[in-house]
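Asker: Sequence:
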Amino acid sequence: MKLATWNVNSLKVRLPHVIDWLASEQPDVLCLQELKLEDPAFPAAELEAEGYHAVFSGQKTYNGVAILSREKANDVAYGIPGFADEQKRVIAATIGDVRVVCGYFPNGQAVGSEKFAYKMAWLRALTAWLQTETRQYPKLALLGDYNIAPEPRDAHPDWKEEIHVSPAEREAFQAIAALGLSDAFRLFEQTEKSFSWWDYRMMAFRRNFGLRIDHILLSPALAAVCQNCRIDKAPRALERPSDHAPVVVELRT
DNA sequence: ATGGCGCATGGAATGCGA
Numbered sequence: 409m410k411l412a413t414w415n416v417n418s419l420k421v422r423l424p425h426v427i428d429w430l431a432s433e434q435p436d437v438l439c440l441q442e443l444k445l446e447d448p449a450f451p452a453a454e455l456e457a458e459g460y461h462a463v464f465s466g467q468k469t470y471n472g473v474a475i476l477s478r479e480k481a482n483d484v485a486y487g488i489p490g491f492a493d494e495q496k497r498v499i500a501a502t503i504g505d506v507r508v509v510c511g512y513f514p515n516g517q518a519v520g521s522e523k524f525a526y527k528m529a530w531l532r533a534l535t536a537w538l539q540t541e542t543r544q545y546p547k548l549a550l551l552g553d554y555n556i557a558p559e560p561r562d563a564h565p566d567w568k569e570e571i572h573v574s575p576a577e578r579e580a581f582q583a584i585a586a587l588g589l590s591d592a593f594r595l596f597e598q599t600e601k602s603f604s605w606w607d608y609r610m611m612a613f614r615r616n617f618g619l620r621i622d623h624i625l626l627s628p629a630l631a632a633v634c635q636n637c638r639i640d641k642a643p644r645a646l647e648r649p650s651d652h653a654p655v656v657v658e659l660r661t
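Numbered continuously in our numbering, the first sequence closes out at residue 661.
These aren't lab readings, by the way, just hints derived from the structure by calculation.
The beta-carbon is built from N, C-alpha and C at its ideal position, and this holds for glycine as well.
None of the hints are false.
Here are the simulated PhoX-like pairs of lysine-lysine, each with C-alpha atoms no more than 25 Å apart in a straight line:
1. 601 to 568
2. 568 to 523
3. 410 to 480
4. 468 to 523
5. 468 to 444
6. 444 to 420
7. 420 to 480
8. 468 to 420
9. 641 to 420
10. 444 to 641
11. 547 to 410
12. 641 to 601
13. 547 to 480
14. 480 to 444
15. 641 to 568
16. 641 to 410
17. 444 to 523
Computed spacing ranges between beta-carbons, pair by pair:
18. 456 to 529: 31 to 41 Å
19. 461 to 570: 38 to 48 Å
20. 569 to 453: 34 to 44 Å
21. 479 to 546: 11 to 21 Å
22. 431 to 582: 35 to 45 Å
23. 535 to 482: 21 to 31 Å
24. 456 to 504: 17 to 27 Å
25. 544 to 614: 42 to 52 Å
26. 517 to 421: 19 to 29 Å
27. 561 to 515: 20 to 30 Å
28. 583 to 505: 23 to 33 Å
29. 599 to 569: 16 to 26 Å
Hey, can you work out the whole structure from these sequences and the hints?
Answerer: Here it is, written out as structure tokens:
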């Protein structure tokens, strides 16, 4: 079973890239973030034509998440239960016997800002919910744009901002990992300076000035059968790319 | 030193992303 996550930064603009990528990679599940469109505008028919079902939770201008799957998804959940939020950042569904949680974590803008406080509150709510979710579903994967670089090696040495690398954010990431979830990327040997996001400015992609902020965390039952995890940089080199690259895992199931 | 791009909204300039 092949699972992937990709922040597409506007599904409307990126649909051709997504369709090409689905055709070449043939994942069983693809989690999308930053759809930036409302549900009636979701390109369900175009994706159906590629052989993918979709469940989604969109909104105007910002945010929006979806789970695409070859098999139809069951038990779809929208948002974090008990955490009232206008922003559409979470969708979860069961595909086969795997619970897939797709998240677009808040950016946080700057440490100490109002948006940062929202990010931390959101992270606390997510972690509390995941505690029950991981108990209910032994086979669980949390995929998405975490907006956190978990360790120093996950940020380019020239990254000077505190956001995405602050101790508070890294502790929050570790609190999620402490639920028993493993960072699939770190289950395997990887090349140094592996990143999943590069700023559009400053020729950042060419200089590999990036961050690893898109992650796939796996429950023990899934980590045990994980064969590989890689970041596919190829779509970031296309014309009009998303600023994020897809992250992919393959599970022996 | 600053901001440097891309997207959405709305129909110019601004907010936001990370």
